[in-house]
Amino acid sequence: MTSLLNRLSVAYRTSVNSYAEDIKSRFINRELSWLDFNDRVLALATHENVPLLERCRFLSICSSNLDEFYQIRVAALKDQVAGEISTRTPDGRSPLEQLQEIKERTQDFVQRQEKIWTDEILPQLELFGIRVLAWSQLSDHEKADLTKEFDQRIFPILTPIAVDPAHPFPYISNLALNLAVVASDPNSGEQRFARLKIPKNIPRLMKVGKANSFVLLEEIISANLSRLFQGMKIEQCFVFRVTRNADLSIDDEDAEDLLAAVEIELRRRRFGRAVRIEIPFGTAQSVIDLMCEELELGVDDVTFHNSIIEMKALSQLVSLDFSDLRFQPWPPLTAGRLSAAEFNGLSIFQVIRERQLLVHHPHESFTSSVETFVEQAANDPKVHSIKMTLYRTSGDSSIAKNLVKAAESGKQVAVVLEIKARFDEARNIAWAKELEYAGVHVTYGIVGLKTHSKCILVVREDADQMRRYVHIGTGNYNSTTARVYEDIGFFTCEESIGADATELFNYLTGYAKEPDYLRLIVAPHQLRPRLLELIHREATFKTAGSITIKLNSISDPTIIDALYEASQAGVKIDLVVRGICCLRAGVPGLSENITVRSILGRYLEHSRIYRFAHGFDDQSPLHLIGSADLMGRNLDGRVEVLAPLTHPKHRAWLDKALGFLLEPEVPNFALSKDDKWIYNSGGTQNKDAQQRLHEWVVATQLR
5 MTSLLNRLSV
15 AYRTSVNSYA
25 EDIKSRFINR
35 ELSWLDFNDR
45 VLALATHENV
55 PLLERCRFLS
65 ICSSNLDEFY
75 QIRVAALKDQ
85 VAGEISTRTP
95 DGRSPLEQLQ
105 EIKERTQDFV
115 QRQEKIWTDE
125 ILPQLELFGI
135 RVLAWSQLSD
145 HEKADLTKEF
155 DQRIFPILTP
165 IAVDPAHPFP
175 YISNLALNLA
185 VVASDPNSGE
195 QRFARLKIPK
205 NIPRLMKVGK
215 ANSFVLLEEI
225 ISANLSRLFQ
235 GMKIEQCFVF
245 RVTRNADLSI
255 DDEDAEDLLA
265 AVEIELRRRR
275 FGRAVRIEIP
285 FGTAQSVIDL
295 MCEELELGVD
305 DVTFHNSIIE
315 MKALSQLVSL
325 DFSDLRFQPW
335 PPLTAGRLSA
345 AEFNGLSIFQ
355 VIRERQLLVH
365 HPHESFTSSV
375 ETFVEQAAND
385 PKVHSIKMTL
395 YRTSGDSSIA
405 KNLVKAAESG
415 KQVAVVLEIK
425 ARFDEARNIA
435 WAKELEYAGV
445 HVTYGIVGLK
455 THSKCILVVR
465 EDADQMRRYV
475 HIGTGNYNST
485 TARVYEDIGF
495 FTCEESIGAD
505 ATELFNYLTG
515 YAKEPDYLRL
525 IVAPHQLRPR
535 LLELIHREAT
545 FKTAGSITIK
555 LNSISDPTII
565 DALYEASQAG
575 VKIDLVVRGI
585 CCLRAGVPGL
595 SENITVRSIL
605 GRYLEHSRIY
615 RFAHGFDDQS
625 PLHLIGSADL
635 MGRNLDGRVE
645 VLAPLTHPKH
655 RAWLDKALGF
665 LLEPEVPNFA
675 LSKDDKWIYN
685 SGGTQNKDAQ
695 QRLHEWVVAT
705 QLR
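Start counting the sequence shown at 5; every next residue gets the next number (our numbering).
Just so you know, these hints were derived from the structure itself, not from any lab.
Backbone N, C-alpha and C fix where the C-beta goes; we use that ideal spot for every residue, glycine too.
Mixed in with the good hints there might be a few duds.
Keeping only pairs whose Cα atoms sit at most 20 Å apart, straight-line, the calculated EDC-like set for lysine to aspartate or glutamate is [to be verified]:
{"no.": "1", "residue 1": "K214", "residue 2": "D168"}
{"no.": "2", "residue 1": "K546", "residue 2": "E518"}
{"no.": "3", "residue 1": "K677", "residue 2": "D565"}
{"no.": "4", "residue 1": "K119", "residue 2": "E101"}
{"no.": "5", "residue 1": "K409", "residue 2": "E358"}
{"no.": "6", "residue 1": "K316", "residue 2": "E58"}
{"no.": "7", "residue 1": "K201", "residue 2": "E314"}
{"no.": "8", "residue 1": "K386", "residue 2": "E375"}
{"no.": "9", "residue 1": "K201", "residue 2": "D144"}
{"no.": "10", "residue 1": "K576", "residue 2": "E667"}
{"no.": "11", "residue 1": "K386", "residue 2": "E412"}
{"no.": "12", "residue 1": "K201", "residue 2": "D155"}
{"no.": "13", "residue 1": "K214", "residue 2": "E118"}
{"no.": "14", "residue 1": "K576", "residue 2": "D520"}
{"no.": "15", "residue 1": "K316", "residue 2": "E72"}
{"no.": "16", "residue 1": "K677", "residue 2": "D168"}
{"no.": "17", "residue 1": "K386", "residue 2": "D400"}
{"no.": "18", "residue 1": "K691", "residue 2": "E669"}
{"no.": "19", "residue 1": "K119", "residue 2": "D168"}
{"no.": "20", "residue 1": "K107", "residue 2": "D95"}
{"no.": "21", "residue 1": "K204", "residue 2": "D144"}
{"no.": "22", "residue 1": "K214", "residue 2": "E314"}
{"no.": "23", "residue 1": "K237", "residue 2": "E153"}
{"no.": "24", "residue 1": "K152", "residue 2": "E223"}
Label-pair distances were calculated between CB atoms; the ranges are [as the list claims (entries may be wrong)]:
{"no.": "25", "residue 1": "A548", "residue 2": "V303", "range": "23 to 31 Å"}
{"no.": "26", "residue 1": "A674", "residue 2": "T151", "range": "17 to 25 Å"}
{"no.": "27", "residue 1": "E297", "residue 2": "S140", "range": "27 to 35 Å"}
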């Protein structure tokens, strides 16, 4: 009996382990996939077809990306470990296992990034007379000039803070650049540790003379420490930086005043728990131990550097007057029908009334379409009402200013403003106050949900009837990012979509159950089941089925499993994923009919496009555009909107755009069956998908 029980126990454990391995083999870890994405961005800094200063920009973007990753994702994992939460991810990893892999990957990433800078980009910059020098490389005359500038501009604003029994270890601000100084008394030999914060209101790269030569601000300060620690001997000096948890922790249901609650949390963000220290290789172990102890971190939380800490500073070089070393600008065009309307003195409402309008940013101008739509609505006496969602916008937003103008002129204006949009909270709070002061009805959406949808509803009294004009987009109402983010905007006055938009805003601003929509697909209640229904329907067509999806990220296990099932039924599935991808591609018996590629370039691919070959009817494909990625947060924790595009010209446009992205001859990163991203340089034309699309848009406009 004992032997039988033992055999059954072993069989059970084997079965459980086999199931666990099966679960793990179906998914890529979300956090590691994000690191893969940042690796792809870093790879652009090595590509010879990318102009030199743009390669500096990609190095800068990598650093900025990694900062946000640590502030949010790593901080969340550390919170789970501290809370003794051991729940495993769909790929089978515990929080602690993920942190360990992230640590190893990050250290390797930093070393590769620095090697690209020092061994590849820096020498090439010098060929064009652009130099980033060490203090030791400067002439005596250059040192004297910079020392004079130090005395006049820098020294008066510096504040050294010593650590001793009378001075506790100072608070280190999130992402602030600092100098750690170990100074000793020449007489007593007593050593003290001091921290010196590098000011942010002075350029990090200080110009040397009149040429395009620069030296890091911290090098100038380090060379002049005797002015700050007079009579002391400087034993050691190095740059360091601390990253802190920057996520907001707000319970909508407990917050009586959400605006005030977010403002309080923004102040607290500065004091979030430390999650990472960045220091140079060779730092004395005693200093590392002191900093780890004071910041309550372990050695695994330290990232070591051989070069510039915080390469975001390299973005300063991109603005240098070397046009040949940057991407040649592609001026945005005014969409053909809008250009003709402007020439003929027609309003944008007349254009939309004639036929639905599709615009593709930044190839087609955001200003002449979306901003003009809001501006004309604000100035048009026949417009009675403007309603819109605002997730992210610019500080000088003309859209927000026109909403103020509309409200002050007596129009009914309502804005669902998401004040919890990460890292844009302060700006959104400022706009919320200004809009409310002008008489705009400002609400913050549904408790427990972020409002991520991009929608504008304008009600206008036309000659024949009261008509609703709607804009639905894939990107934010932000004129700054609209110049570099690839997005799609759809304008319509179709009655059913106007009715849906009205119901959506009533749901967001009022007190009602979410309605059944006629045309729009809205999260969190309808989007997941509708997408699953569309995937399963396509699977019934087997090898005749086809699904194409372009989006930022895919990580939802249920959706991924549905795509695996469709693949196994024979459906051809092409995914264009810019960032996180937890789906495995091309794996025999699982996803052999799924391809995944990532397109990165001068524009940030941001639009979400869903195409189901048999989604509309047995003969016609269904095209959807909107704000939703395939992540749990989009499907279950946000208000998202997808809109169907039915006009043949619009569907053909989307097919053309997807076609450029999927062409074998364009450069791309392809996900292999062993979960590696392989760069394919493309064909002999040396034109990427974005360039091909832009040239096609120009040719189309000129016809």
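Holds or violated: K576 to D520, with C-alpha atoms at most 20 Å apart: violated (31 Å)
Restraint check for K386 with D400, where alpha carbons must lie at most 20 Å apart: With a Cα-Cα distance of about 27 Å, the restraint between K386 and D400 is violated, given a limit of 20 Å.
Hinted pair K546 and E518, Cα distance within 20 Å: Cα-Cα ~34 Å, so violated.
Restraint check for K237 with E153, where alpha carbons must lie at most 20 Å apart: violated (23 Å)
Status of the given 23 to 31 Å range, CB of V303 versus CB of A548: 57 Å Cβ-Cβ, so the 23 to 31 Å window is violated.
Pairwise hint evaluation, E118 against K214, where the allowed Cα distance is 20 Å at most: The given pair, whose Cα atoms are some 27 Å apart, is violated under the 20 Å limit.
20 Å Cα cutoff - pair K201, D144: Not OK: K201 and D144 at ~27 Å, beyond 20 Å, violated.
Hint consistency between K119 and E101 [alpha-carbon to alpha-carbon, up to 20 Å]: Roughly 28 Å between the alpha carbons, so the hint for K119 and E101 is violated.
Pair hint K201 and E314, alpha-carbon separation not exceeding 20 Å: Holds, at roughly 14 Å.
Distance restraint between K677 and D168, which requires alpha-carbon spacing of 20 Å or less: Violated, at about 56 Å.
Satisfaction of hint between D95 and K107, Cα-Cα up to 20 Å: holds (18 Å)
Proposed proximity, D144 with K204 (alpha carbon, max 20 Å): violated (27 Å)
Hint compliance for this structure: hints 1, 2, 4, 5, 9, 13, 14, 16, 17, 19, 21, 22, 23, 25 and 26 are broken, all remaining hints hold.
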